[in-house]
Amino acid sequence: MYSKIMVPVDLAHLEVLEPSLQAVADLARHYQAEVCYVGVTSTAPSSVARSPEEYERKLEAFAQQRAALHGQPVSVHTLSSADPVADLDDLLIQAIDDVGADLVVMPTHPPKHLDVIMPSHGGKIATHTDVSVFLVRPSRS
Amino acid sequence: MDNDSRTDRAREPEPSEGVPAPEGPANLIDTDYVIGQDNLATDKLGFSIDLHGKVFTISALVTVFFVVITLALQTEVEPLFNAMRNWLTGNLSWFFLLAGNIFVLLCLILVVSPLGKVRIGGMHAKPDFTYLGWFAMLFAAGMGIGLMFYGVSEPMSHFGSALGGTTVEDGVRTDWAPLGAAADDPAGAARLSMAATIYHWGLHPWAIYAVVALALAIFSFNKGLPLTMRSIFYPILGERVWGWPGHIVDILAVFATLFGLATSLGIGASQASAGLTYLFGVPESDATMVLLILGITAIAIVSILAGVDKGVRRLSEINMGLAVLLLLFVILVGPTLLILSGFFKNLGAYVVNLPALSNPFGREDANFSQGWTAFYWAWWISWSPFVGMFIARVSRGRSVREFLIAVLLVPSLVSVLWMTAFGGTAIDQLVGDGFEGVRDSALELQLFVMLGELPLTAITSFVGIVLVVVFFITSSDSGSLVIDTITAGGKVDAPKPQRVFWAIIEGVIAIALLLGGGLTALQAMAVSTGLPFTLVLLAGCYAIVKGLMSEPRT
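Those sequence lines, one after another, are chains A and B.
Numbering-wise, the first sequence is residues 1 to 141 according to the UniProt record's numbering.
Numbering-wise, the second sequence is residues 1 to 554 according to the UniProt record's numbering.
Hints in this document: simulated from the structure, not taken from any laboratory.
Glycine is no exception: its CB is placed at the ideal position from the N, C-alpha and C atoms.
All clues given are correct.
Here are some, though not all, of the chain A residues that point toward chain B, as calculated from beta-carbon distances under 7 Å: (1) SER42; (2) THR43; (3) ALA44; (4) PRO45; (5) SER46; (6) SER47; (7) ARG50; (8) ALA82; (9) ASP83; (10) PRO84; (11) VAL85; (12) ALA86; (13) ASP87; (14) MET118.
Below are the SDA-like pairs computed for lysine to any residue, each with C-alpha atoms no more than 20 Å apart in a straight line: (15) B:LYS310 <-> A:VAL85; (16) B:LYS117 <-> B:PRO127; (17) B:LYS496 <-> B:THR42; (18) B:LYS126 <-> A:GLN94; (19) A:LYS112 <-> A:ARG140; (20) B:LYS126 <-> B:ASP309; (21) B:LYS54 <-> B:TYR33; (22) B:LYS310 <-> A:PRO119; (23) A:LYS4 <-> A:VAL136; (24) B:LYS310 <-> A:HIS121; (25) A:LYS112 <-> B:LEU305; (26) A:LYS58 <-> B:TYR33.
Chain A is nowhere near these chain B residues, computed Cβ spacing over 12 Å in every case: (27) LEU61; (28) THR63; (29) THR75; (30) TYR131; (31) GLY164; (32) PRO360; (33) ALA442; (34) PRO532.
Next comes chain B alone, as it looks inside the complex (with noise of 0.2 Å):
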């Protein structure tokens, strides 16, 4: 330790056990909690655990509750829990746009405010990772999988609506356009669709992943308190987050990384059978996805106890090179110069329509306000823990400002170029070719319908798949991990079978609601947790604020 830290701890409340500064000037939370206190701990089992006995238990009684309401009473609570998740994105679409605004404003500012030289894990700390290991897995947990689904389908089904004009019945619009449409415009729908896509996939959800992230790595690397959702609320609950409204937090943080991990896992399952299906004719039944789920569970268990670094990042730089290549052929091989202006076109585009599209009052367009981006703000935000949690965990040693560069500008430049480059290419084979393919076929399968219309369409397409079923494992490997380190009351270092079991209980869940039925109704649910956490979110600005202002920053 330098003479610097020395200095800066003499301005510190005099902590009970003289704890010191973290690696360089830093400015922990004087607290006399112990992480781990609150835990149950024993090898009596064959094998060692440590667990919070709260919140664990509970969140498994939460889980096996949910899972066998949603298979015994099927056809009672789909309704109700679509119902629920309609409710709330229907009813309170203002307040997800209107916090979405706040979080994106609130990290802009801190690109450039001074706070922005604050370093997670204190003035010194070294970085855990490589710029690219670190990257690529920030990719891969925040969008991954989303960008592989959505990157043709979201701009080509935006495309269409705005193309289809605006309909109106009772005063009401019954469109899904977004904005004013763009009725008969061909060039005026695809710089739309392309805005809408672009506000859906760049700033706005990065900034949501950024937040959570950065509460926790402020508050667990620089204050020292434990890696686990609770830990945002200290600037306002103080002690108070060791005791039930932390175990509540961390519950519902459980409950919404278990769920919409799970869920994604059976309904990705489906569509990558009917990948297979499409592509090489595999039948496709339970027993393929089944097959598949049991897979992905098992790979993502060798890379689970292969640790973060032999693991997840070597996972993700795999994608990452992969996903590179089939962009650049995509570019290369489609309509290269189409792409490459239609970059900053959309870019353009994204920045004119971003205040319209960002207005959280008075939208006429409300299914697509309500339906599309309120919908998507709830998914984002009921991810945020988990993407969150994961991104803080690997970001040590960054400045605030490199952290909010790689979690929202730059990921937001790729999504831009990323949706161009697919959904651009399936615009123009519409527009420009007169092929209609990509637009009559199922969502999940309009990536290699649209792929199948370029040259080396076999090799492509199981690229497509590949990348697909890894990003399920890394989701599902740094799922766990997360679970794991908030049911063990925040360590990151709780024993290995841990980890494994939630990885299984995804797999099992997954495979269960496959079978019996009732993926698409849990995964309401899961989304349904995006409300409290949009004020988890809210309650984190404060905390990052409050957090970055009381840290040295030479």
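Chain A with its partners taken away, still in its complex shape (with noise of 0.2 Å):
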């Protein structure tokens, strides 16, 4: 039913992406589907990485340490932006369409109140792209 997972990951904040990458790993290999790590970083040197190059060193990495527990193929697609908080929803809406992903994979927060002036990462690409979207949001207990 879908043949290529993309997966936005922010490499600064990989403990908020566990329970989301437990349920790609699932569905990767339920449908036999590729996974596209996509990585959205800043220009200027940031925590993660100093250059944009190095981030996409550590996203490919991160892909295969994944694709070895998994055991499906993967690849990875960096973005790079001189301002990344900004600009990250409408790039991950453009790469959706350019890695060609008929399924999206990415943890959000459950609704709140400021999500009115702020809304959602998760819930803003789901609201503007025609693919599949599922948002995985923490656990209740």
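Can you join these two chains into the complex? Each is in its own frame, and there are hints to help.
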């Protein structure tokens, strides 16, 4: 049903990603799908990498590590921006077409009042793309 | 990554984690410092924050302290802060003028030297913005608002004092004329006044911005250090920049930027409100000014949330379009031939008078060289952390030569044209038509009085007001981005609510001081930071040369 799963990754906050990565691994194995890990980094040095190329290398290493766990083919796609916090949603929406994904899996937080002013990335992306989006929320317990 | 960069990397010391070059050959600094390692991050407040503990806390405390003390002890601190600024510009004018000349010379040498081939962000880096968007942002951040207020008033002011000739009391000149003045010689006074104005708005201020911006851009995008003021000192202090010496530089930068912006916003609001009263009869009251500040801050917040590309770039482009229209209007409807020939004459007068105007020692025109030039230099320099950091952030992917042409040479020429059109028209109205209205009106109204003598006044004045307001919005927007990056330890990807926080603080300080008094006192304080930053800029000159020498240039 799905052949390419796009997974936006924030290498600076991997702990937040953990539950969704498990879902990605299960889905990828179930559908025999390729997983494309997409990272958005600042062109200025950041806490993760001092250049976009270093970021890409770290993302690639991360993807290979995941591949070893779920055994499905992986690829990476790195995007850089002068203002990644503001451009993140637009870049990810564009990336869905660029990588040819038919499913997006990403973590998000439960709805809250602040979303009115600053919508969650997952929510924004789900309303701006025609592919399926699976938003993984933290478990209630 | 291509083969070139691999061979280039072989020459580097082996970094701890095998850090690769930026895009294409470049020369990263080997440091164990991880950006954000001293930060406090939490999302327990209902939204995320990520701040440099020491820089943020001390900046915030210092800010509160100065605002409270200025409000509480207004009559005591105002003379104190003003005296401090006057002492600096009076006694150290030679230092400011000399430093300014060094910045210009360095930039001009770099343009023609082989170092100009180095590309910001590595040899294969691609620019983040188009030429148009980039240039619009440089201009809006650099001096948009100043050109609106001083385009007419400064040439007029110098013209009047130059025409008045020199006056001497007890062997000391008491007039404010530049150089030897041009008593009873309107043509000579016009030339001298334009040369002096262009000197203050031409190569020197842009060189000040260019030095900070280039040093930061090289040490961030090519050397891999955080995008924050302290990185300029890396060649001098080494790893110590991550400790207190670096904290102090960053805190000072926050202080200068925040108070520079907040006080300009407050003073600008009172000027814009004077303009609204003059043009549309809007009642000049505290309420009008507070509403203006609230409106500017609200739009700035929307723009901040939209980000650099969709926020400040768009607004800057709109404003550049409007400014070009207003400029063309003045050129075409005003004394067209006079302006066009004046452009070259004024450029000539600038070049001829530049050696005398920029001479730091043995000046006879103390009032002018200290009260105008040294004050301006301290002002530009106190703004340079803000403007320089913002310019650096949007200049990745440009070569050093391209950068200097766009940050130094083109804006200087635009300033010459702008001053010639606006100041030249006003002087022509006075000399040619005998219209004394501009000369006799308040500084902030002179632009509108000048436009009032041309057709379509209602439209052009409205455009003028819109330009002023939007330039304030872009300043508040880019200033908040810069303060947020510094207080987040150089992280450009810190959570959005922090940016909003700083924009609100600017507005709150502006309103508090506007209602409570003390705007000019605190602005004097902000301008005084020009002295320590002159030292930072001189360090920046050394850092630029050292940094560029170690970069590949093929």
